[in-house]
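Participant: Here's the letter readout for the chains.
Protein chains: 2
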Amino acid sequence: MTKSVPVGVSARHIHLSQEHVEALFGPGYQLTEFKPLSQPGQYAANETVAVKGAKGSFPKVRILGPARKATQLEISRTDAFAIGVNAPVRESGNIAGSAGITIIGPAGEVTIEEGVIVAARHIHFHTSDAANWGIQDQQLLKVRVGGERGVVFENVVARVHETFALDMHIDTDEANAAGVKNGDTAEVIG
Amino acid sequence: MTKSVPVGVSARHIHLSQEHVEALFGPGYQLTEFKPLSQPGQYAANETVAVKGAKGSFPKVRILGPARKATQLEISRTDAFAIGVNAPVRESGNIAGSAGITIIGPAGEVTIEEGVIVAARHIHFHTSDAANWGIQDQQLLKVRVGGERGVVFENVVARVHETFALDMHIDTDEANAAGVKNGDTAEVIG
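Protein chains in written order, with our numbering: chain A, 1 to 190; chain B, 1 to 190.
Keep in mind the hints are simulated off the structure, nothing from the lab.
Fair warning: there could be bad hints in the mix.
Chain A side only, calculated, beta carbon under 10 Å to chain B, not exhaustive [claimed, not checked]: (1) R77; (2) A80; (3) I83; (4) I112; (5) R121; (6) T127; (7) G147; (8) I170.
As the structure is a prediction and not an experimental result, all values here were calculated from the model.
Virtual Cβ for every residue (Gly too), placed ideally from N, Cα, C.
Same shape as in the complex, but just chain A:
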């Protein structure tokens, strides 16, 4: 059975806690939706912030909503070198001991001690997809992308949930190294 998965390329982005939304945009501020993402209920917000590391900054980082429990900035390793942030490869949500950053919004700024990560590549599986393919939550998969820059990615984390839609998330370094773009297809091979 061929196990094909659509690829979504994640550019640098940030998730904010409601506390930080308000610190950056003003008391009572609520994020507003620009467009929906592949995962149900998630959206790209109209709002952006600047982030500032030891060696540089990015002036316009897209916020993904809705607000979360903890603020988390996801950047590529190329980005991390560019702004001087020593961000570890982590699964989303696993931010203990990760890198810090200063976040600047129109109404204020916030410095976080942890929350900056390079997101570990992963596939979102709906519970039924995972059952069909015999894949367990947190299983590490091998996933192949073909073409002139063909690559097999190892250690792709399976994330299984009944609210997830089938989608593989890689960052811009991974997409560019493999010559893939949003909507291309990858194959789970092991």
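Assemble chain B onto chain A, guided by the hints.
Facilitator: What follows is chain B alone, placed relative to chain A:
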């Protein structure tokens, strides 16, 4: 037999023709050596140039010497998006129909119609290494890098010459996607 190869990560860089060296740095100018590279006779020069694409520029791109027959700028795909240049993946030297760019030096500027490429990942083999491993010039190899971002790179071009030293060259996107750095080791697996 394990076929281990040291990895060299190529940051963006440029090779210049002597004609362009003189157009950019002045009549009769000769590049000067900053430090030697892994391939015998090749060096990083003290000199840098700026390059300017449709959407942005890099102010300081290292020149690699000595001067070559044709000018060639090698950038990552991340770089290509950043400055708005539609550079194809190519082997070094194969620049027909590739992208153009404006190059700016202290004594002048040059616009080339072709010469900007994303270098195809490749391994330099000394003739004796290739013979020992049964590898032919231009053979496409599969090469594995382990670790938390483990990757198998397909379509790695074997380049065999008696002046070459064993070394795998990947760009910064590929290095960052695989979590490898200069001097790490990769393994030819097919």
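Participant: It remains to establish, for every hint, whether it holds in the given structure.
Facilitator: We went through each hint and held it up to the structure:
Taking 10 Å as the C-beta cut-off, the interface hint given for A/R77 holds, the closest approach to chain B being about 4 Å. Contact between A/A80 and chain B, as hinted, is supported at the beta carbon level, the nearest pair being about 8 Å apart and thus within 10 Å. With a least beta-carbon distance of about 14 Å to chain B, the hint placing A/I83 at the interface is violated under the 10 Å criterion. With a least beta-carbon distance of about 23 Å to chain B, the hint placing A/I112 at the interface is violated under the 10 Å criterion.
For A/R121, the suggested interface contact is upheld, since its CB lies about 8 Å from the closest CB of chain B, less than 10 Å. This hint is violated: A/T127 has a C-beta 27 Å from the nearest C-beta of chain B, more than the 10 Å allowed. For A/G147, the interface hint holds, the least distance from its beta-carbon to any beta-carbon of chain B being 8 Å, beneath 10 Å. At a threshold of 10 Å, the smallest CB-CB gap from A/I170 to chain B is about 8 Å, leaving the interface hint in force.
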